[in-house]
Amino acid sequence: MTALYSLRQVTVRYAARPVLAVEELDILRGEILAVVGPSGAGKSTLLRLLNFLQPPTTGEVRFGDALYSASRDATLAMRRRVTTVFQRPVLLRRTVEVNVAYGPRLRGVDVGRADIDAALAEVGLTELAQQPARTLSGGEAQRVALARAMVLRPDALLLDEPTANLDPYNVGLIEQIVARLNRQHGTTIVLVTHNLHQARRLAHRALLLLEGRAVEVADTRTFFESPADPRTGAFVRGEMVY
Amino acid sequence: MSNGFAEALTQILGRDNQLLEIVLLSLRVSGIALAISSVIGIPVGALLGLARFRGRRLAVALVYTGMAFPPVVIGLFVYLLLSRSGVLGSLGLPWLPRLFTPEAMILAQVIIALPLVAGFTMAAVQGVDPALRLQVQALGASRWQTTWAILEEARVGVIAAVMAGFGGVISEVGAVMLVGGNIEGQTRVLTTAIVLETNKGNFGLALALGVILLGMAFAANFIILHLQGRTFDE
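Top to bottom, those sequences are chains A and B. 34 is the number of the first residue of the first sequence in the working numbering; add one for each residue after it. 207 is the number of the first residue of the second sequence in the working numbering; add one for each residue after it.
Next up, chain A with everything else stripped away, as it sits in the complex (with noise of 0.2 Å):
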């Protein structure tokens, strides 16, 4: 597989705090990437920085053949080849079916009808099309952030806890969703989560994090089973205090 994003030197700093520095990390097009690591590992600054809403501070980020740049055009052209799905989604005050619709609209991308029932169909909020988006449960609004997402049809999916705060059928259906999307569509999925066990379900390869620096890549078995670095055996055993 080829890489949809390499990252070769990364800094990020927030003032002259540095949150994150990634000497080197593909990322593969059509893979699910499990990103693990304590909080305050930089998890949700890669996902920003995925999403070209981060920039760098030093080091150069490639997405496909195209480098995130300073041109704020160029940057927004590769925004919106991507997205993210939040822990809390934010939901516009309107109806299922206008969030759902959302996207396209802002990329000026012309779905049809059908293309909307079918992200709907696909998350079952078939029956809620027509609700106001601000009276749904939890579960629901992550849904339809998912299907808003999807409808999308981005090169890559980032998801940022997804599943945090929701109870266990959502957290299945959710999961079922995004393999189902990987799988169909071959889109590449960012998975942010502190659910070991959802990593391992989910993702063909997995990332530690810790301390902004990128510890240990590997395919989730090695990553679980024998990893390479003995810091990710001891997150994954649960032994690492931080």
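Derived from the structure by calculation, the hints contain no laboratory data. We put the CB at the ideal spot given by N, CA and C, even for glycine. Any given hint could turn out to be false.
So, partial list: chain B residues that the calculated Cβ filter (under 10 Å) puts toward chain A [claimed, not checked]:
hint	residue
1	Leu-338
2	Gln-341
3	Val-342
4	Leu-345
5	Gly-346
6	Glu-359
Pulled a few chain B residues facing chain A out of the computed Cβ check, cut under 10 Å [what the hints assert, rightly or not]:
hint	residue
7	Val-334
8	Ala-337
9	Glu-358
10	Arg-361
11	Val-362
Based on the hints, put chain B in the right spot on chain A.
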């Protein structure tokens, strides 16, 4: 007084175009002033609420000061600016409104309404969930689309801001009296007509004019509440 009021109402209902003229002029002056204030004030409020720039605190302080400024002082200020010996009036600029014209009244009302619209818009956009901005950008919104999305989310508050501006100008009397002069057939609006009729002792007529003014304010607010209601239902 109740007899006088009934008589005045009959007088008004059966009356002349003079009253219609006063009502229409009130609507025209306040409507144009509100439109100008909204066109300028909503973007200014959004900018103050969303952007961080040098001098923002000073700008916010000025807006807040403007919101609390007595209209009659604004009228005096505009009067001094536009009078023939005033700072601007003495320049004889052809595009500058002249005193005792509806245009001068519009200028005064813009100065009254603008800080109200900008200040309440600022508060409304600041009340929108801060996470929305990042999430809309993640969906691919440009800078303008992001600002528009936040304004749309804050629309109930933005509408309230426009209504605050409307309330500020439609009921205002001091500034329009000073710069308009309450000239019959030219610059007489409902509020100045009420003052005049009261001074003449025509309390019934003054009250009836007040009822019309109240009716206009009620109608405007009713329409806005209806729009807000639809928003809440979505």
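- When the nearest CB of chain A is found for Val-362/B, is that gap smaller than 10 Å? With a closest approach of 9 Å, the Val-362/B hint holds.
- Message: Restraint: Val-334/B near chain A, CB-CB cut 10 Å. Satisfied or not?
- Response: Hint on Val-334/B: holds, closest Cβ of chain A at ~9 Å, below 10 Å.
- Item | Hint check, Val-342/B versus chain A [nearest Cβ-Cβ separation less than 10 Å] | holds, 7 Å
- Message: So, as I understand it, the hint says Gly-346/B touches chain A; can you test that by seeing if any CB pair is closer than 10 Å?
- Response: At about 4 Å, which falls below the 10 Å cut-off, the nearest Cβ of chain A leaves the hint on Gly-346/B intact, so it holds.
- Was the hint right that Glu-359/B lines chain A, CB cutoff 10 Å? holds, 6 Å
- Query: Against chain A, is Gln-341/B within 10 Å by beta-carbon distance?
  - Reply: holds, 5 Å
- Do the numbers back the hint for Leu-345/B, that is, is its least Cβ distance to chain A under 10 Å? holds, 4 Å
- Should the hint that Leu-338/B touches chain A count as held when the rule is a Cβ pair under 10 Å? holds, 5 Å
- How about Glu-358/B: closest beta carbon in chain A under 10 Å, or not? holds, 7 Å
- Message: Just to be careful: measuring from the Cβ of Arg-361/B to every Cβ in chain A, is the smallest value less than 10 Å?
- Response: Nearest chain A Cβ about 8 Å off; hint holds.
- Query: If you take the shortest Cβ to Cβ gap from Ala-337/B to chain A, is it below 10 Å?
  - Reply: Hint on Ala-337/B: holds, closest Cβ of chain A at ~5 Å, below 10 Å.
No hint from the list above goes unmet by this structure.
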